[in-house]
Structures are given as structure tokens and as C-alpha cells.
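Chemist: Let the hints inform the model, and build the full structure from the sequences given.
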Amino acid sequence: EAGVTQFPSHSVIEKGQTVTLRCDPISGHDNLYWYRRVMGKEIKFLLHFVKESKQDESGMPNNRFLAERTGGTYSTLKVQPAELEDSGVYFCASSRDRIGYTFGSGTRLTVV
Amino acid sequence: AQSVTQLDSHVSVSEGTPVLLRCNYSSSYSPSLFWYVQHPNKGLQLLLKYTSAATLVKGINGFEAEFKKSETSFHLTKPSAHMSDAAEYFCVVSGLRNQGGKLIFGQGTELSVKP
Numbered sequence: 063e064a065g066v067t068q069f070p071s072h073s074v075i076e077k078g079q080t081v082t083l084r085c086d087p088i089s090g091h092d093n094l095y096w097y098r099r100v101m102g103k104e105i106k107f108l109l110h111f112v113k114e115s116k117q118d119e120s121g122m123p124n125n126r127f128l129a130e131r132t133g134g135t136y137s138t139l140k141v142q143p144a145e146l147e148d149s150g151v152y153f154c155a156s157s158r159d160r161i162g163y164t165f166g167s168g169t170r171l172t173v174v
Numbered sequence: 008a009q010s011v012t013q014l015d016s017h018v019s020v021s022e023g024t025p026v027l028l029r030c031n032y033s034s035s036y037s038p039s040l041f042w043y044v045q046h047p048n049k050g051l052q053l054l055l056k057y058t059s060a061a062t063l064v065k066g067i068n069g070f071e072a073e074f075k076k077s078e079t080s081f082h083l084t085k086p087s088a089h090m091s092d093a094a095e096y097f098c099v100v101s102g103l104r105n106q107g108g109k110l111i112f113g114q115g116t117e118l119s120v121k122p
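Residue numbers (our numbering), protein chains in the order written: chain F, 63 to 174; chain B, 8 to 122.
Nothing false has been slipped in among the hints.
With a straight-line Cα cutoff of 25 Å, these simulated SDA-like cross-link-like pairs (lysine to any residue) come out: (1) F/Lys106 with B/Ser10; (2) F/Lys106 with B/Lys49; (3) F/Lys113 with F/Asn125; (4) B/Lys56 with F/Ile88; (5) F/Lys106 with B/Asn105; (6) B/Lys49 with F/Ser73; (7) B/Lys76 with B/Gln106.
Read the hints as simulated data drawn from the structure, not as lab findings.
Modeler: Here is the structure:
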């Protein structure tokens, strides 16, 4: 089966601009998670979708972040406006059963 | 609440010598535990997972980990390091499945392998 796909792999934007990250989960995986790692910190949970519904968004840092999963397939994570502290690597993972998780390769976001 | 602590931020070994990456967890219930590896410029790859079956878990590339409830530990070992093992390793605990199953990551351990 195809893995979890994320794009872009890298993005460099200026402070104040908008960036949209995309994640395509494994087909049939209802659970989709976003995580991020900012420089020097551990990987932290952002939010969890079950199909198109947000199950848990307790990790979203502020209202500049907006995640969607229209139709329960791919998901987007928009940052608007981007700030310097948003720089880091954003990972997406999907799971069929919440026991096995498959991660994408991540999107490295640099805000300058 | 669940948490995980990786006791070493960096470990350096010589090729052919054993690897030990230490991880302690805290959980109010019987946890699911994982080790993931990230090679430079790559994604997170699952090495192995413990889900309340055998306490000694074998993973890919010769790695294994032992779940020790009495010590709340889940250390990762490999008998003989290879140069290709150089990467960052993450110990991870999973939240309850019926509460979403989100993963809680340790801080990561950078493994260096010297020739």
C-alpha cells in the first residue's frame, strides 16, 4: 500500500505570509494526526481527525493554525499569518486502529 | 497522564559494539510503547512496538526492546552497531485508544556510530 504523503517537503516563507501543508494518509485510515517538532524540542501532538471530524485539537498552539480534512481523505494545515516560532518540521501520521501508526516524511517549514 | 523520558540526548558507539538507548515511561494504565527512528532528511520509521503481549519485542534491523513494568523502562538494544544505525531515535508512548491514541514522544536520542 502507498504510504503517507506530505507536501511540500520544504517551504521557506516570510513572516506574515500564509502557508498550507498537505497530508495524504493511507487509504482507509480514518485516523489522521498532525505533529510538529520545533527546533530543539520534542515532537508534539497538534491534532487528531477521525474521518472529517476533529477528535482532539488540544495541541494546536493558537488560532493562526487551521486544519481541515474535507471528505475524510487528505488533510491540510494552514498557518496564517506565519511567525518565526512556527519554523520546524510538521509530521502527519495515519492509523486504521490507533495501534499502528504510519508517518509521512514531514514538511520542513522555515519562516524568515 | 502519560510521559516518556529518554535518558541520553546523545550516544556514541563504535561499529560492532552494543547499542543501548534508554527510555523510561510514566503511565496510569498499561501503555503501548514504540521506538521510532529518523535518519537524516527522512521520515519517522517504526522500529518496534509493545502492545501488552511479549515483554521482549523484536524489531527491524536487529533492534529489540524489553518492557519492564517494575522499572517503568523500555530500553532499546542492538548487539552490534552498524554505521547505517546512525540516526535519531524516539521512544514513544501511546494514549488510550478510546481517547484518540495520540502519541507522546521522548526528546530523542542521537546515535553516532564511529568506524
